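Letter by letter, the chains look like this.
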Amino acid sequence: MSQFLQVLLSGLATGSIYALAAIGFALVWQAAQTVNFAQGEFVMVPAFFVLIGMGFFGMPFWLALAFGLALSMLVLGYAFKKLIVEPILPHGGITLIIATMALAILLKETVKEFYSAEAQPFPALFSNAPMNFFGAAVSIQDILNLIVSLSIVVVLTLFLNRTRTGRSMQAAAQNPAVAEILGVNVKRMVLYTFLINAALASLAAFLITPVYLAKFSNGETIGLIAFIAAIVGGFNQIRGALVGGLLIGVLDNLTATYVTAQYRAALPLVLLIIIILVRPQGIMGTSEGRSV
Amino acid sequence: MMAWKWRWLLVALLLAAAIAAPLGQKSYIVYVLTSWLVFAIAAMGLNLTLGYAGQISLAQASFMAIGAYITALLTLAGWHWLIATPLALLACFVVGLLLGYPALRVKGHFLAFVTLAFNTLVFLVLRNEEWLTGGSYGLSGMPRPDLGLFTTMRPLPFYYFTLAITVVAALAMWGIVRSPWGRAFRALRENPIRAESLGLDTRRITLLAFAIGSAYGGLAGALVTSLVQFIEPASFGVGHSLRILLMVVVGGAGSFFGPFLGSGVVILLPEVLRFTEGYYLIIYAVLVIVMLVYAPEGLIGIGARLKAKFFSRSQVRADMSQGATLK
Amino acid sequence: MTAPVLSVRNIEKRFGGIRAVRGVSFDVHKGEILGLIGPNGSGKSTLFNCILGQLVPNAGEVAVSGRDVSGMRPSDLNKLGVGRTFQQLSVFPRMSVLDNVILAGQEHRGTMTSRLFGAPDAGLTQDAERMIAFFRLTHLRDELAGSLSYGQQKLVDAAMAFMAGPSIVLLDEPAGGVNLTMLAHLKDRLVAYNAEHGTTFVVIEHNMEFVMSLCTRIIVLAEGAVIAEGTPDEIRSNQTVIDAYLGG
Numbered sequence: 001m002s003q004f005l006q007v008l009l010s011g012l013a014t015g016s017i018y019a020l021a022a023i024g025f026a027l028v029w030q031a032a033q034t035v036n037f038a039q040g041e042f043v044m045v046p047a048f049f050v051l052i053g054m055g056f057f058g059m060p061f062w063l064a065l066a067f068g069l070a071l072s073m074l075v076l077g078y079a080f081k082k083l084i085v086e087p088i089l090p091h092g093g094i095t096l097i098i099a100t101m102a103l104a105i106l107l108k109e110t111v112k113e114f115y116s117a118e119a120q121p122f123p124a125l126f127s128n129a130p131m132n133f134f135g136a137a138v139s140i141q142d143i144l145n146l147i148v149s150l151s152i153v154v155v156l157t158l159f160l161n162r163t164r165t166g167r168s169m170q171a172a173a174q175n176p177a178v179a180e181i182l183g184v185n186v187k188r189m190v191l192y193t194f195l196i197n198a199a200l201a202s203l204a205a206f207l208i209t210p211v212y213l214a215k216f217s218n219g220e221t222i223g224l225i226a227f228i229a230a231i232v233g234g235f236n237q238i239r240g241a242l243v244g245g246l247l248i249g250v251l252d253n254l255t256a257t258y259v260t261a262q263y264r265a266a267l268p269l270v271l272l273i274i275i276i277l278v279r280p281q282g283i284m285g286t287s288e289g290r291s292v
Numbered sequence: 001m002m003a004w005k006w007r008w009l010l011v012a013l014l015l016a017a018a019i020a021a022p023l024g025q026k027s028y029i030v031y032v033l034t035s036w037l038v039f040a041i042a043a044m045g046l047n048l049t050l051g052y053a054g055q056i057s058l059a060q061a062s063f064m065a066i067g068a069y070i071t072a073l074l075t076l077a078g079w080h081w082l083i084a085t086p087l088a089l090l091a092c093f094v095v096g097l098l099l100g101y102p103a104l105r106v107k108g109h110f111l112a113f114v115t116l117a118f119n120t121l122v123f124l125v126l127r128n129e130e131w132l133t134g135g136s137y138g139l140s141g142m143p144r145p146d147l148g149l150f151t152t153m154r155p156l157p158f159y160y161f162t163l164a165i166t167v168v169a170a171l172a173m174w175g176i177v178r179s180p181w182g183r184a185f186r187a188l189r190e191n192p193i194r195a196e197s198l199g200l201d202t203r204r205i206t207l208l209a210f211a212i213g214s215a216y217g218g219l220a221g222a223l224v225t226s227l228v229q230f231i232e233p234a235s236f237g238v239g240h241s242l243r244i245l246l247m248v249v250v251g252g253a254g255s256f257f258g259p260f261l262g263s264g265v266v267i268l269l270p271e272v273l274r275f276t277e278g279y280y281l282i283i284y285a286v287l288v289i290v291m292l293v294y295a296p297e298g299l300i301g302i303g304a305r306l307k308a309k310f311f312s313r314s315q316v317r318a319d320m321s322q323g324a325t326l327k
Numbered sequence: 001m002t003a004p005v006l007s008v009r010n011i012e013k014r015f016g017g018i019r020a021v022r023g024v025s026f027d028v029h030k031g032e033i034l035g036l037i038g039p040n041g042s043g044k045s046t047l048f049n050c051i052l053g054q055l056v057p058n059a060g061e062v063a064v065s066g067r068d069v070s071g072m073r074p075s076d077l078n079k080l081g082v083g084r085t086f087q088q089l090s091v092f093p094r095m096s097v098l099d100n101v102i103l104a105g106q107e108h109r110g111t112m113t114s115r116l117f118g119a120p121d122a123g124l125t126q127d128a129e130r131m132i133a134f135f136r137l138t139h140l141r142d143e144l145a146g147s148l149s150y151g152q153q154k155l156v157d158a159a160m161a162f163m164a165g166p167s168i169v170l171l172d173e174p175a176g177g178v179n180l181t182m183l184a185h186l187k188d189r190l191v192a193y194n195a196e197h198g199t200t201f202v203v204i205e206h207n208m209e210f211v212m213s214l215c216t217r218i219i220v221l222a223e224g225a226v227i228a229e230g231t232p233d234e235i236r237s238n239q240t241v242i243d244a245y246l247g248g
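Residue numbers (the working numbering), protein chains in the order written: chain D, 1 to 292; chain W, 1 to 327; chain P, 1 to 248.
Bear in mind the hints are in silico, worked out from the structure with no lab data behind them. What you are looking at is a predicted structure, and each value in this text was computed from that prediction instead of being measured. Warning: the hint list may mix true and false statements.
Have a look at the derived ranges for each label pair, beta carbon to beta carbon [as the list claims (entries may be wrong)]:
id: 1; chain 1: W; residue 1: W131; chain 2: D; residue 2: F126; range: 26 to 32 Å
id: 2; chain 1: D; residue 1: Q120; chain 2: W; residue 2: Y137; range: 28 to 34 Å
id: 3; chain 1: D; residue 1: G135; chain 2: W; residue 2: V290; range: 29 to 35 Å
id: 4; chain 1: W; residue 1: A304; chain 2: D; residue 2: A79; range: 54 to 60 Å
id: 5; chain 1: W; residue 1: V32; chain 2: D; residue 2: G92; range: 28 to 34 Å
id: 6; chain 1: W; residue 1: V290; chain 2: D; residue 2: R164; range: 44 to 50 Å
id: 7; chain 1: D; residue 1: Y78; chain 2: W; residue 2: V11; range: 55 to 61 Å
id: 8; chain 1: W; residue 1: Y137; chain 2: D; residue 2: V154; range: 47 to 53 Å
id: 9; chain 1: D; residue 1: Y78; chain 2: W; residue 2: L306; range: 33 to 39 Å
id: 10; chain 1: D; residue 1: A66; chain 2: W; residue 2: E129; range: 45 to 51 Å
id: 11; chain 1: P; residue 1: D243; chain 2: W; residue 2: A304; range: 54 to 60 Å
id: 12; chain 1: P; residue 1: D243; chain 2: W; residue 2: R203; range: 55 to 61 Å
id: 13; chain 1: D; residue 1: M131; chain 2: W; residue 2: A77; range: 54 to 60 Å
id: 14; chain 1: D; residue 1: M131; chain 2: W; residue 2: I193; range: 58 to 64 Å
One-sided excerpt, in silico: chain W residues whose CB lies under 8 Å from chain D [stated by the list, open to error]:
id: 15; residue: N128
id: 16; residue: L132
id: 17; residue: L306
Glycine is no exception: its CB is placed at the ideal position from the N, C-alpha and C atoms.
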């Protein structure tokens, strides 16, 4: 039982980080019809920004984190929207998907060539020491990761629902034409969405990289899981991507521990196929209407 | 469209160039050229599914895998390549039909994800079922076909063997695309609802688009088996499906010669950029992005635009493209 | 007595709590040009889509020449001789006009196999050219359908609907957004086709003048139900109809 609790909690912790990536992915899809196949790489790159901040510029860790966050928002948020999404989206969604695929390759190879092909250690935000939680040995890092991620989601939800800007963003996502008429600066709201996605991806990077080490190939696994989490959970609400992320994190851990290690990666895939074919709006999604 | 005789002249020239190209070259160059042909076949198949029929698939590499592994296992057991390959093609056709069913339910991004998941699942099975596939160690030592009159053990004969198969495959594709089936595929891409209302069974045509495209992927895989004489799961992952997709898009989706162009660019560019060491993928990715911004119809599209500049035709009532609507 | 070409019985369609179509029944007789009119929101398009298999009605039956076709797929319905035109996006934009029209006929010729191994045009080039000539579009034969003007696209749409020689064609707002000259030409062609082939038409329209001058009989819908039926003259002077349009 305690092992089960351990596996469950550790799965929730990882899952909550996946959820951050999934939420950002869902936001950008909803608000800007952009299916970002480079989302995984968006979670890989910020870690390297931090390493560059510390190694190249000699910043202390906390400053490097801020630097990484800011640079990510600039490059993976603003520049991504301006240089790639805006020119290509008019040519169709599929073309944009392909462009983001190319972007993924670009980011991956750039890190590999210009930084290193080797996995790099990344400083942990929280201690890895185990603590006793109802009989299960869970690392403090896992617990804190979970708390931090969930807090971020709560803050984001409050922002979107309770602030004027947040509600404007929702309006712009749901019905851009009407929002425009009502005085919402739709273009800027869309920009904010991209910035938020970059921020979420960065935060996910800071939380997960200590565990997996910074490597150029990290994006592949995380990206796929982010997509699957967003779709399985359901796009229509942030809650969907959150539920999706947690679910995948837990199921992945449970599968690996109790069923099969070799085919653990198959579970999210099978889940994806089933959900898409049976209930495309996802577990939490509603079949009509969209909300951020 | 070019006038017929120019087209045939161009084809003849290209064929002559293809026959002459490997003569006197080092075996590595011949190997690269053979790769080009093999991937052109895979790209042709995906071009049918995506370019002509408008169905996105990120699973073409997995069909290369199925074709490659079936051919490998059979040839290692002593069967002749020319007998093993049709069986592999059949298997790919059937599996392709199955993959088409999700396409009846979802389109666009969702379909992309389903095919991506399928590709990854195939990869997992290939990697894990060691007893059958050799797992991560792969399969090696597959013999090259002996064609009675000559053997294809050496690079040059194998190149011409591959060229012959490519020509046959291209002719078959030409036949399909020109026929009412080709028109039906394009109708599926352009306006499936209208097509349905004209008696076109869009479900059947969608499944066929996947099945035929997959069979071409399988053919490419069967050739890869003999070309490299070593296959492993990592050669058929999602990244490779993306490469084939890029070949189709860069060449020009929905055009007949696009796959050859695109495959050429993707296969040859790294060789040309070899001097840049590891940077070629970066350069390549940047080129793709730039191309998608300025010329999303691919290289064929650029060609068409250049041609339009020099041989312009009259624009028909473009000013009246949307009449006064009451809505 | 032969069955009517199209027979609609008690069609009922609800969307959530809204009854878009309420127990509509009518027959369409061979060779007539039936007009279906009504104010906005009267359920005309919904009814159309129920008949054509695009929507599944909550209740009611549809029969073509006595044969029950309720819930049939649009492609099967088309094979039975039911054609239709569309309000919007009615052509295949990146195919030539000729290819558009050939496509409209090819699925009625031969089998899947013959369509793969037979002639690239399924033997239809002559017939297609004749149809294109009928609509006076010969000079546009090789143009991409998407580059045509809106009105020209509607003509191509009609050509496609007629290509397979259907016994009945349902036209969805054929006059919408078309300029006057083109409209006269379209009406002229429809009347000519009807006279030449005896094909039955059912026309949904908002354009009163178009409907009154084209149709032989008119059914008026309001709020999902039939409120009047008769010749154009009868309808024109029908008080119930006038009230419905003026919101009385």
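Range hint compliance [Cβ, Y78(D) to L306(W), 33 to 39 Å]: Hint holds: Cβ distance 34 Å, inside 33 to 39 Å.
Range hint compliance [Cβ, D243(P) to A304(W), 54 to 60 Å]: 58 Å, holds
Whether the CB-CB distance between D243(P) and R203(W) falls inside 55 to 61 Å: Given about 46 Å between the Cβ atoms, the range is violated.
Assessment of proposed distance window 58 to 64 Å (beta carbons of M131(D), I193(W)): 60 Å, holds
Hint check for V154(D) and Y137(W) - Cβ pair distance inside 47 to 53 Å: Holds - the Cβ-Cβ distance for Y137(W) and V154(D), about 48 Å, lies within 47 to 53 Å.
Interface hint outcome for L306(W) [beta carbon to chain D under 8 Å]: Violated, because the Cβ-Cβ distance from L306(W) to chain D comes to roughly 19 Å (cut-off 8 Å).
Range agreement (Cβ of A77(W) with Cβ of M131(D), hint 54 to 60 Å): Given a distance of about 57 Å, which is inside 54 to 60 Å, the answer is holds.
Agreement of hint N128(W) with chain D interface, Cβ distance less than 8 Å: Cβ of N128(W) sits 5 Å from chain D, so the hint holds.
R164(D) and V290(W) - C-beta distance against the hinted 44 to 50 Å: 39 Å, violated
Restraint check, 8 Å cut-off on beta carbons, for L132(W) near chain D: Violated, about 14 Å.
Cβ separation of G135(D) and V290(W), checked against the hinted range 29 to 35 Å: 58 Å, violated
A66(D) paired with E129(W), Cβ distance criterion 45 to 51 Å: 48 Å, holds
Checked against the numbered hints above, the structure violates hints 1, 3, 4, 6, 7, 12, 16 and 17; every other hint is satisfied.
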